Amino acid sequence: MNFLIGLLSIVFFALSIAVISKSMKLNKKLSGEDEDEFALDSANNVNAIGMMLFWLFGTIGGVWSFLHSKPDFLPVAASEHGLKTDSMFWSSMAVVTFAFFISNTLLFYFAFKYRHNKNRKATFYPVNHKLELIWTVIPAIVMAILVFTGWRTWRDITSQAPSNAAVIELTGHQFGWYVRYAGADDSQLGHVNYKLIDETNNLGIDFTDKNSFDDFTATELHLPKGQPVLLKIRAQDVLHSVYLPFHRVKMDAVPGMPTKFWFTPNISTDEMRAKLGKPDFNFKLNCTEVCGRGHFGMSITVFVDEPADYKKWVAEQKPFLATNPSYLDKVPANLKAKASKYIPAEPIAADSTEAVSVK
Amino acid sequence: MSTALSTSEEIHTHDHDHDHDHEHHELGFIRTYIFSEDHKTIAKQYLISGILWAFIGGSLSIIFRLQLGFPGMTLEWLKPILGTWIDESGKLDKEFYLALVTMHGTIMVFFVLTAGLSGTFSNFLIPLQIGARDMASGFINMLSYWFFFISSVVMFSSLFIETGPASGGWVIYPPLSALPQAMPGSGLGMTMWLISMTFFIVSSLMGGINYICTVINLRTRGMSFTKMPLTIWSFFFTAVLGLLSFPVLLSAALLLIFDRSFGTSFYLSEIYIQGQALPNVGGSPILYQHLFWFLGHPEVYIVLLPALGMTSEIIATNSRKPIFGYRAMIGSMMGITVLAFIVWAHHMFVTGMNPFLGSVFMFLTLIIAVPSAVKAFNYITTLWRGNIVFTPAMLFSIGLVSMFISGGVTGIILGNSALDINLHDTYFVVAHFHLVMGAASFFGLMAGVYHWFPKMFGRMMNKTLGYVHFWFTFVGVYLVFFPMHYIGIAGFPRRYYTFTALGNDGMAAFADMNSYISIAAIITFTAQAFFAFNFFYSIFKGKKAPQNPWNSNTLEWTTPINPQHGNWEGDIPAVYRWPYDYSKPGAAADFIPQNVPFSATPESNLPEENEEIAKEKAIEGLLGAQNESYNR
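Residue numbers (the numbering used here), protein chains in the order written: chain R, 1 to 359; chain U, 1001 to 1632.
In case anyone wonders, no lab produced these hints; they're calculated from the structure.
Fair warning: this is a prediction, and the values are worked out from it, not measured in the lab.
Do not rely on the hints blindly, as some may be mistaken.
What the hints assert, rightly or not - Below, a sample of chain R positions facing chain U; criterion: calculated Cβ distance under 8 Å:
1) D72
2) S87
3) F89
4) S91
5) V96
6) F124
7) I145
8) L146
9) F175
10) Y178
11) P255
12) K284
13) V290
14) D305
15) A308
16) T323
Claimed, not checked - When the alpha-carbon atoms are kept at most 25 Å apart in a straight line, the in silico BS3-like pairs for lysine-lysine are as follows:
17) R:K330 <-> R:K341
18) R:K130 <-> U:K1227
19) U:K1227 <-> R:K121
20) R:K121 <-> R:K232
Every residue, glycine too, gets a C-beta built ideally from N, C-alpha and C.
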C-alpha cells in the first residue's frame, strides 16, 4: 500500500525535476546572451511537453486510482431508491467524465501542438457563431436530460410515505441519536415537547397523548426489510444530519422543525454480510452536519431484519411507560386506564396513585 | 487626483523618461504607502495582505491534514505553537480541529479569494485598463482597504483567544454558532468572527460601489463597453454580485448577533441543551441558511469571475490570438451573474426544505452549467491554432481552465438533488468546490500576479521559479483533490476529526489515500515558498521590466513603466479598437494596442473597421471634455 504513496510521489517529483533541470540548463545557455522578450527557448517547449506528460500521467493515474479505489466504494445500495440514484450517479458520471476527458485532452493537446514557433503566425479567429451555437445547445440538451431524470427520481423519493410505512423517530443531540418507535399497538408516535425533557424522559415524550403509551425507545435502529420506513427526524440542540450511507439516505435534523425521509430497505443485514463476505458487517447511521466536538463519533448501528424477525423484535421491546412506570403520574385521569395496560402488574401494585385511579 | 495632470499635447505612449515638469506635490511616507488613495498602492496592499492570509489559511489546512492523514501521529512537536490545543496525549484537540476547518474556509474564501483577488486586481486594473486616473473615489477606496484591515486584525486575533476561534464551519449555521454552550468556539470566537465579517462586508461594499462607478463613468474616450477587456467586464459583474449579495449576509449576521446577545429567536426554536430548555420558540435555522447562501452562492462567482476574466486576457495575449467569442464570453458572464442569484438553495437540498423548492433549484442550477461550459469551450478554442508562449501567467491560466473543467463537471452531479442526497457533505463536495472555486480562483490569482507584476513593481519575476512553482502547484492540487472524489463516493463525511465511527473497516480502506493526500498537500504548500521568495525578491531585485513585456494590447502597458499617481503623464490615450487584435492578418506586428487608430493600420483593417475611421475624429474631440472632467 505504501506503493500507492510511492508511485504517485514519484510521478510528482519526476515532473518537477524534469522542469527544474531543463530550466537550469536553459539558464546556463541564456546567461550572457540577450534574452529575447519572447524567449523562444527550450523552456517554452519543455512546458509544452509538460502539458502532454501531465495529460498522459494524469490519464493513467486517473484510471488506475479509480480502479484501485473502486472496491472500497460504498457497496450496492441497500434501499430501493438507492439503486435508482446509484445507477443515475454512475451514468451521469460517465457523461461528465467523457466531457471532462475530451475537454481536458483538447486543452493540453492544443497547448502542446500550438506552442510558439517564430515561423508561424496565430490564426486570427475571433468568432464562429455556428460553433458557439453548437456548444451551447449540446450541453443544454444533455443538462435537460439529466435534470429531467433527476427530477423524476427526486419527486419519487420525496413523495408522501405509503400509509403502511413503519414510523420511526430519530432525534439528534450532542452527541448521539435517540431512536423511538411508534409501538406495537398503534403506528402513531406520541407527541414530544422539549420542555418535558428530563433525565429519564430524554425525548420529552408527552404522556397526555395516548399515542405515546406504547412508544418504545432503542439504542439501535432496527428496520424491516422490504417494508417502507418513514423516518421522522428531530434535533434537540443544534443541527445534525441523519446519514445512512449504505441506504443512500440523508436528511438534516433541525431543532424546532421536524423533517422526514422515507425509503424501503431491501437488503437485510445478514444478506449484506453474506454478499460482502464480511461476517461482522453492520449498517451505520452517521451525522453529516457539523455539530460540535463529538460530531465525528455520532453513530449508531442499523439492523435490517427480515419482516418476521422485525415483528418479533418489536414485540420484545418494552414501552417507555413500562420501564418507567413513574411517568404514569403525567397521564391525565381520563387516560389512566388505557395507560395502565402498559404497566407491569407486580411492582406497581403498591403504587398509591395507581390504586386511586383503579378505584 | 488632479495634481499629476498636465495638458501637455504630447502623448507619452512609449516614452518613459520622467521629466518631472508637472507640479508634483510630494506626499509623505504615510500618505504614499499607508493611507494612500492611489488605486495602485491600495491594490498592492490588498495583494500583500492576501498573500499573508493565504499562507495562514494554508498552514491551518496542513495542521488538520496531519490529523486526517496520520491519525495515530503524535503532534507533541506542535505544542510550542498550539499550546493547549494539543491535548495531554499529544493529539489535536477535537474542537480545535473544527476551528481549523472553519478558519481555513473563512480565510480562504473571504480574505484570500475575495479581498486578495478582487481587491487586488479590480483596484489595480480597472483604472489602468479603462484609461482612468484613479478610482471614482480614492478616499472610499482607501477606507475600503482599511476596513478590510480592521476586519483582518479582528479575525487574526480570534485565533489566539483562549476559547478558540469560531468553530462551526465557515457557514456558521445556527444554532451551533448561536449557542456558546454548544461549543467553546461559539463564544468570544464567534463574536469576533461576526464583528470581523461586518467590517469585511462594509469594506467590500465600498470597494464594489467604487468599481461599478469607475467602470461606468471613467472610461477614457472611445472605450465603449464593447471595447472593454474581459477583465473589466468580469470585475464589473463581480462588483454587481457583491453589491447585491453581501448586504444579505450582513443581515443574516445581524440577526445572528441579535439571537446571540439580545435574546431574540430568529434562528432558534425548541432547544434543549446542556440540561436546560431554552425559552426561544418560533425561529428557524433554515432561514439563516437561505440568507447565508443568498450570499454564499454568488460568493462562489465573486471569487471565480475575476479569475476567469484575467485568464481570458492572459490566454488571448499569450496565444497571440483574439479571445474566441468575445461577446459570448460577456454574455455567459452576464448569464452566470444573473443565475448566481437564483441557485442558492442547491446547498440545501437535504436540510428539510420543501422538496418542491429542491426541484426548482435543481432546474436553475443545471442551467448555470451552460454558460460555464461555453466559457470553457471558448478558452480551448482560443488556444487552437494559436502561437502559445508559456509564461508563468499563461501556465497558471491553462491550469485554471483545467481545474474549472474538472471541478465544474462534478457540479452537474451535485446540482442534481436526487444524487446530492448521498453526496451532500461528503468529501465529494470537498473535492468539487476546492477544484472549481478554490484552486481555479487561486490559479487566477497567481496568473494575475505573474502577468501584472511588471506593471505593479516595474520589475520582472523570475520565469524559471515561476515554472517550477506552477508545476508543483498544478500537479500537487490534482494529487490532493482528485482522490477526494473517491473518498466521497465511499461515503466519508466532511468535517470529521477521524473516521472510526464509519465502521466496517471504511477508515482503514482509505487510510493510505488519506496519508498520501496529506503528503501531497504538504509538498504543494511548501512549494508555495518558490512563489513567496520570487515575489518578495523580485520586488526589490527583479530584472527591470520593459514597457510592454508580454506585447499586450491593453492600456495599462501604455503608462510609464512605473506609473505615478494619475497613471499617465500626458493625456490619457484614446481607445479605437477592441483589446484582442492579436496576429491580425496584414499587420506587421502580431499585436495592435487598443490606442492605435484604424486610420493608422489600413493594411489590416477589416471592411467594417474602415467605417470606424470616420468616428475617430469624434473620439479625439472628447479630449477636452475628458481633461476638463479631471481638472474640475
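Hint check:
Residue-level restraint check for D72 (chain R) holds (minimum Cβ-Cβ distance to chain U is 4 Å; threshold 8 Å). Against a cut-off of 8 Å between C-beta atoms, the interface hint on S87 (chain R) is violated, since the closest Cβ of chain U lies about 11 Å away. Hint status for F89 (chain R) relative to chain U: holds, with the closest Cβ pair at about 5 Å, below 8 Å. Annotation: S91 (chain R) was flagged as interfacial toward chain U, and the flag is violated, the nearest CB pair being 10 Å apart, outside 8 Å.
Given the 8 Å rule on beta carbons, the hint for V96 (chain R) holds: about 4 Å separates it from the nearest Cβ of chain U. Satisfaction of the interface hint for F124 (chain R) is found here, the shortest Cβ-Cβ separation to chain U being roughly 5 Å, below the 8 Å cut-off. The interface hint given for I145 (chain R) is violated, since its Cβ lies 10 Å from the closest Cβ of chain U, which is over the 8 Å cut-off. Proximity of L146 (chain R) to chain U holds as hinted, the smallest CB-CB distance being about 6 Å (cut-off 8 Å).
Of the supplied interface hints, the one on F175 (chain R) is violated, with its beta-carbon coming no nearer than about 10 Å to a beta-carbon of chain U, more than 8 Å. The interface hint given for Y178 (chain R) is broken, as the beta carbon of that residue sits about 12 Å from the closest beta carbon of chain U, more than 8 Å. Taken as an interface hint, P255 (chain R) checks out: its beta carbon lies about 5 Å from the nearest beta carbon of chain U, inside 8 Å. Because the closest C-beta pair between K284 (chain R) and chain U is about 5 Å apart, less than 8 Å, the hint holds.
For V290 (chain R), the interface hint holds, the least distance from its beta-carbon to any beta-carbon of chain U being 4 Å, beneath 8 Å. Interface restraint check: D305 (chain R) against chain U, minimum CB-CB distance 18 Å, threshold 8 Å, status violated. At about 26 Å, the closest approach between the beta carbon of A308 (chain R) and any beta carbon in chain U exceeds 8 Å, and the interface hint on this residue is violated. At its closest, the beta carbon of T323 (chain R) sits 21 Å from a beta carbon of chain U; the interface hint therefore is violated under the 8 Å criterion.
Of the supplied pair hints, the one linking K330 (chain R) and K341 (chain R) holds, its CA atoms being roughly 15 Å apart against a limit of 25 Å. Of the supplied pair hints, the one linking K130 (chain R) and K1227 (chain U) holds, its CA atoms being roughly 23 Å apart against a limit of 25 Å. Taken as a hint, the K1227 (chain U) and K121 (chain R) pair is honoured in the structure, with Cα atoms around 24 Å apart against an allowance of 25 Å. Simply put, K121 (chain R) and K232 (chain R) have alpha-carbon atoms about 67 Å apart, too far for the 25 Å limit, and the pair is violated.
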